[in-house]
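One letter stands for each residue in the lines below.
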Amino acid sequence: ETGVTQSPTHLIKTRGQQVTLRCSSQSGHNTVSWYQQALGQGPQFIFQYYREEENGRGNFPPRFSGLQFPNYSSELNVNALELDDSALYLCASSWTANTEAFFGQGTRLTVV
Amino acid sequence: SQQGEEDPQALSIQEGENATMNCSYKTSINNLQWYRQNSGRGLVHLILIRSNEREKHSGRLRVTLDTSKKSSSLLITASRAADTASYFCAPHNNNDMRFGAGTRLTVKP
Chain A
1 ETGVTQSPTH LIKTRGQQVT LRCSSQSGHN TVSWYQQALG QGPQFIFQYY REEENGRGNF
61 PPRFSGLQFP NYSSELNVNA LELDDSALYL CASSWTANTE AFFGQGTRLT VV
Chain B
1001 SQQGEEDPQA LSIQEGENAT MNCSYKTSIN NLQWYRQNSG RGLVHLILIR SNEREKHSGR
1061 LRVTLDTSKK SSSLLITASR AADTASYFCA PHNNNDMRFG AGTRLTVKP
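Residue numbers (our numbering), protein chains in the order written: chain A, 1 to 112; chain B, 1001 to 1109.
None of these hints come from the bench; they were simulated from the model. We put the CB at the ideal spot given by N, CA and C, even for glycine. Possibly wrong hints are sitting among the right ones.
Said to hold, decoys possible - Stretches of chain A that chain B covers, calculated by requiring three or more beta carbons in the stretch to come under 8 Å of a beta carbon on chain B:
{"#": "1", "region": "16 to 24"}
{"#": "2", "region": "101 to 112"}
Said to hold, decoys possible - Chain B residues, not near chain A, derived (Cβ > 10 Å throughout):
{"#": "3", "residue": "Ala1019"}
{"#": "4", "residue": "Arg1041"}
{"#": "5", "residue": "Thr1067"}
Said to hold, decoys possible - Interface residues of chain A toward chain B, partial, derived using beta-carbon atoms under 7 Å:
{"#": "6", "residue": "Gly42"}
{"#": "7", "residue": "Pro43"}
{"#": "8", "residue": "Phe45"}
{"#": "9", "residue": "Gln48"}
{"#": "10", "residue": "Gly56"}
{"#": "11", "residue": "Asn59"}
Can you build the whole structure from these sequences, using the hints too?
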């Protein structure tokens, strides 16, 4: 049990819709990162937030956006969903960008 | 790229044997981390080794780091069926960790 919780655990959306995934960081952690993991692949870095500011971004289009709140919880928003967005989305929190990360159990998103 | 690349892609051993997984990367790092993932679930942090360290132990885990060769290895001794999982290395520099495709370890009872 890492103390990082994600909601919902599973979600089915239709192509073209928008989705918001949520993450509650471990207490005291001010850095949160989001990853997309397709079946059989490693997690792909989407972006990172540090103290409510974006602190790095992977190779994902602008329709992937995020927020980090003053209590360090976070959201991942994906607009105009595509079939290829179907994946496990993982949130990880850490004390700083350079320390060990604690992952949530993920949200399984299916786009039909 | 600071992305880690694990080798082999898959490894199958008998319970009680040792398992060795390797990781290579291409840029300078602050630290390198190893994670385990059971099927379809979140990643679990195993060990962090800093760039000025050469070896680190945690229980049955032994990690080495060779920054001159830009490589790391993870050794699991006396493996158990419960060690069956995917293992990822994550070279870390500044802001983020970038994972490779992982090594899929199967430990047969």
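Exercise for review: Report holds if the minimum CB distance from Thr1067(B) to chain A is greater than 10 Å, and violated otherwise.
Suggested key: Non-interface label stands for Thr1067(B): nearest chain A Cβ at 16 Å, farther than 10 Å.
Review point. Do three or more residues from the region 101 to 112 of chain A put their C-beta atoms closer than 8 Å to C-beta atoms of chain B?
Key: holds (count 7)
Review point. Taking the closest pair, is the beta carbon of Ala1019(B) still more than 10 Å from chain A?
Key: holds, 18 Å
Practice item. Check whether three or more residues of the region 16 to 24 of chain A sit with their beta carbon closer than 8 Å to a beta carbon of chain B. Key: Coverage by chain B is violated for the region 16 to 24 of chain A (0 residues, Cβ < 8 Å).
Check your understanding: Can the hint on Pro43(A) be confirmed by a CB-to-CB distance to chain B that is less than 7 Å?
Key -> Holds: closest Cβ of chain B sits about 5 Å from Pro43(A), inside 7 Å.
Check your understanding: Once the shortest beta carbon distance from Gln48(A) to chain B is found, is it less than 7 Å?
Key -> Because about 5 Å separates Gln48(A) from the closest Cβ in chain B, which is inside the 7 Å limit, the hint holds.
**Study point:** Satisfaction of the Gly42(A) interface hint, Cβ to chain B closer than 7 Å
**Key:** Given a least distance of 4 Å, the restraint on Gly42(A) holds.
**Study point:** Hinted contact Phe45(A) with chain B - closest CB pair below 7 Å
**Key:** Hint on Phe45(A): holds, closest Cβ of chain B at ~5 Å, below 7 Å.
**Study point:** Asn59(A) as an interface hint toward chain B, with CB separation required under 7 Å
**Key:** Not OK, violated: Asn59(A) not within 7 Å of chain B, min 10 Å.
Review point. Any Cβ of chain A at or closer than 10 Å to Arg1041(B), or is the non-interface label fine?
Key: violated, 6 Å
Point to revise | Restraint outcome when Gly56(A) is required to lie within 7 Å of chain B by C-beta distance | key: holds, 4 Å
Figure legend: structure checked against the earlier numbered hints; hints not met, in rising order: 1, 4 and 11.
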